[in-house]
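Got chain A sorted already, so can you dock chain B onto it with the hints?
In order, the protein sequence lines correspond to chains A and B.
To convert, note that position 171 of the first sequence is 170 in numbering that gives the first Met the number 0; the numbers rise steadily by one, no gaps.
To convert, note that position 191 of the second sequence is 190 in numbering that gives the first Met the number 0; the numbers rise steadily by one, no gaps.
Hints in this document: simulated from the structure, not taken from any laboratory.
Beta carbons: idealized from backbone N, C-alpha and C, even for Gly.
Take every hint as true, because none was put in to throw you off.
Over the 10 Å line for every Cβ pair with chain A, so calculated as not near, a few chain B residues:
no., residue
1, Asp180
2, Arg197
3, Thr263
4, Glu277
5, Ile286
6, Glu303
7, Arg318
Capping the alpha-carbon separation at 25 Å, the derived lysine to any residue pairs in SDA-like fashion look like this:
no., chain 1, residue 1, chain 2, residue 2
8, A, Lys412, B, Asp20
9, A, Lys417, B, Arg19
10, A, Lys412, B, Gly48
What follows is the residue order along each chain.
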Amino acid sequence: MAKKSSTSKKAGANGRRPLKSAPKSAARNGNLSGERRYTIPDYRLESFDCAVRQVASDDGVRYEVTGDLSAPVPPIRESKSLSPRQCLEIYRWMLLNRKMEQALENLYKQGKVVGGVYFGLGQEACSCASAYALCPEDWLAPMIRNQGSLLVRGFSARDVMMQYMAKAGSPTFGKDASSHFGDQQKRNVCAPISTLGDLIPVMAGVALGARLQGRNIAALTYIGDGGQSTGVTYEGLNFAAVQKLGLVLIVENNLWGYSTPSDMQFRVKDLAERAIAYGIPGAIVDGTDACQVYDVVHDACERARRGEGPTLIEAKMMRMKGHAIHDAAEYVPKPLFEYWRKRDPIARLEKFLLERKWLTAKQNEELIAGVDGELEADREFAVNSPMPDPEKTPQNVYCDGCHEIKPKYGVPKAGSGKGSGKPKQGEAAVHLR
Amino acid sequence: MASTSYLEGIRQGIWEEMERDPSVFCLGEDIGIYGGAFKVTDGFIERFGPERVVDTPIAESAIVGAAFGASLTGLRPVAEFQFMDFIGCAFNQITNMLAKAHYRWGAPAPVVIRGPSGGGVHGGPFHSQNPEMYFVHTPGLKVVCPGTAYDAKGLIKSAIRDNNPVIFFEHKFLYRRIKEDLPAEDYTVPIGKARVARQGRDLSIITYAAMLHVALEAAEILAKEGIELEVVDLRTLLPLDREAIATTVRHTNKVIILHEDTRTGGIAGEVAALINEEAFDDLDGPIVRITSRDTPVPFSPPLEDYFLPKVADVIREARRLKSY
Numbered sequence: 000m001a002k003k004s005s006t007s008k009k010a011g012a013n014g015r016r017p018l019k020s021a022p023k024s025a026a027r028n029g030n031l032s033g034e035r036r037y038t039i040p041d042y043r044l045e046s047f048d049c050a051v052r053q054v055a056s057d058d059g060v061r062y063e064v065t066g067d068l069s070a071p072v073p074p075i076r077e078s079k080s081l082s083p084r085q086c087l088e089i090y091r092w093m094l095l096n097r098k099m100e101q102a103l104e105n106l107y108k109q110g111k112v113v114g115g116v117y118f119g120l121g122q123e124a125c126s127c128a129s130a131y132a133l134c135p136e137d138w139l140a141p142m143i144r145n146q147g148s149l150l151v152r153g154f155s156a157r158d159v160m161m162q163y164m165a166k167a168g169s170p171t172f173g174k175d176a177s178s179h180f181g182d183q184q185k186r187n188v189c190a191p192i193s194t195l196g197d198l199i200p201v202m203a204g205v206a207l208g209a210r211l212q213g214r215n216i217a218a219l220t221y222i223g224d225g226g227q228s229t230g231v232t233y234e235g236l237n238f239a240a241v242q243k244l245g246l247v248l249i250v251e252n253n254l255w256g257y258s259t260p261s262d263m264q265f266r267v268k269d270l271a272e273r274a275i276a277y278g279i280p281g282a283i284v285d286g287t288d289a290c291q292v293y294d295v296v297h298d299a300c301e302r303a304r305r306g307e308g309p310t311l312i313e314a315k316m317m318r319m320k321g322h323a324i325h326d327a328a329e330y331v332p333k334p335l336f337e338y339w340r341k342r343d344p345i346a347r348l349e350k351f352l353l354e355r356k357w358l359t360a361k362q363n364e365e366l367i368a369g370v371d372g373e374l375e376a377d378r379e380f381a382v383n384s385p386m387p388d389p390e391k392t393p394q395n396v397y398c399d400g401c402h403e404i405k406p407k408y409g410v411p412k413a414g415s416g417k418g419s420g421k422p423k424q425g426e427a428a429v430h431l432r
Numbered sequence: 000m001a002s003t004s005y006l007e008g009i010r011q012g013i014w015e016e017m018e019r020d021p022s023v024f025c026l027g028e029d030i031g032i033y034g035g036a037f038k039v040t041d042g043f044i045e046r047f048g049p050e051r052v053v054d055t056p057i058a059e060s061a062i063v064g065a066a067f068g069a070s071l072t073g074l075r076p077v078a079e080f081q082f083m084d085f086i087g088c089a090f091n092q093i094t095n096m097l098a099k100a101h102y103r104w105g106a107p108a109p110v111v112i113r114g115p116s117g118g119g120v121h122g123g124p125f126h127s128q129n130p131e132m133y134f135v136h137t138p139g140l141k142v143v144c145p146g147t148a149y150d151a152k153g154l155i156k157s158a159i160r161d162n163n164p165v166i167f168f169e170h171k172f173l174y175r176r177i178k179e180d181l182p183a184e185d186y187t188v189p190i191g192k193a194r195v196a197r198q199g200r201d202l203s204i205i206t207y208a209a210m211l212h213v214a215l216e217a218a219e220i221l222a223k224e225g226i227e228l229e230v231v232d233l234r235t236l237l238p239l240d241r242e243a244i245a246t247t248v249r250h251t252n253k254v255i256i257l258h259e260d261t262r263t264g265g266i267a268g269e270v271a272a273l274i275n276e277e278a279f280d281d282l283d284g285p286i287v288r289i290t291s292r293d294t295p296v297p298f299s300p301p302l303e304d305y306f307l308p309k310v311a312d313v314i315r316e317a318r319r320l321k322s323y
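Chain A with its partners taken away, still in its complex shape (with noise of 0.2 Å):
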């Protein structure tokens, strides 16, 4: 995690130098040795230093990339902590994760589907791996393109296809779509809304509610780099830091929000850099590496159920379709996707697992036999399953006592004690009377 250094004077892993504070000021508030350095630690096993930005020529305005693409494929950074029974798991996850987008875009072919499909290919090992990392008391809130850590957090493909083609017995009965869906009860996992950034207080919500329960527990949730650009990304890291909450967010710097490249939301060079404004530890990883991602987000879950804080993680990786299915991602230059195709998550942790022998080819070949034929089960459930009775619609508006609500994780701490309920100020110190 970030290290606060005066003395320092590596550079980092990535070979980028430490940042550096405006030395005079420094200075000038008493800081004897003139300048502050911090680090933010970079898993990668290579970096990705290119640029997008828009060029006007005759044939109108497109976005163009320069920049170094001809790096050779990293390999997969060998895990520290996980088995090869858990980096089997993590592989299974993501192949079920792409392949249950592969089934609903042909759903949606087939007028399936009620409304768009967002699909988060080239990001499977970033949603899988750092939902693997959680315990069952911790909370997770996905984004859109988590559909991945929904299924490892105990949802079924069913349920997801289910939610795309609006049908009553999805997780929401109908009333909502896509990966927007949750399960306060029992598997922790929070709904996201449309809006981005919302969930970030809302988790660091979750820990509080846990703290004053007496529990520390990791509360995780993403955001993507055009996501990031919100005022309540700010409000709500802000908030998990100055009360020290297990927050762990995961910016999935995927370098388009929508149509626009991340060069036109920050001018950062690395969006983990920003954790250093917040006062809280940073990291950066390689977004399509499963192994990167659950190390990294295992300690900060470690950090948040210690009670230490929370922690922002910067996985980077490349959204490899566009926004939604109707989106084509023209405006996307060729040669980014050439790049980002040959570091695919799935094929590289494959090739990581075989090359151990941790895998053989014919379990490899009967585990997407598996996958697939628990697919079809699903796919055929969820197409012959019910449309919604139309009557339902103006039900569950409000709870009515359809719910107990009661303390998840025990009885919160009653309180000091102290004080005797009357108030102690006069009149005269109140605003606006």
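Below, chain B alone, put in the same frame as chain A:
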């Protein structure tokens, strides 16, 4: 001697709920050691500790979002807004996150969002507004606007015990201006129920919050000239008490709707439509609206006095309506 102010009623209500139920806690700006800008939570941090009286950064979206998050773990947060004028900063959290949670994914959101609203204290355009209608238009919320100390205490308790997000508008003009004796024992006032604050036969005036007192004062004066006003205090704007509204119209056949909120899109329009649906045949005259002007709340006293509805407005309109 009447002893308990409107503000003290709210304060006692929250205090008693925190004593009764350890899952209730408060969060907001300056509510701890300072006791809140209006001192509603004065003394709370000593009694309940900083864990249950959480001072936050100036971040309204974070306050509401965190309150919802804590409610997901089974707690009942009470979030203070320093002024309800600032509630727009948390609009998305309230209307999209909290209000829709139970409908969309079955997560109850037992969150109270409370704070001072309303004018008459020369607070200017950003410390005097009545933003309740933004939320009345949002299914899934409850919107409460008490007008008496008794109701303020009973309704804040009901709001805290409710399994849904409740926006609780405290009228700051009333905070220390009205007092009454309150029962010593625990009591609640149900959300969604209006109250007949004064019975009368000639015409009805439907109102809420600070305007309740304008209506009652006008009713006293009008009674001396033989016009008996029935004053109905809505108390809750969402869900509206349709039956109470219809009942008073059937009783008097003439109705004035009075509110401090601005005219266009104020609750008067909704109440008028509701009367049209429920009791059109019982009307013996036009439905009359008395409201603030469609302007921002002006700062200077002569401007604000012109802006706000007054007793004289009610008397004038009541005489006019009586003549139908």
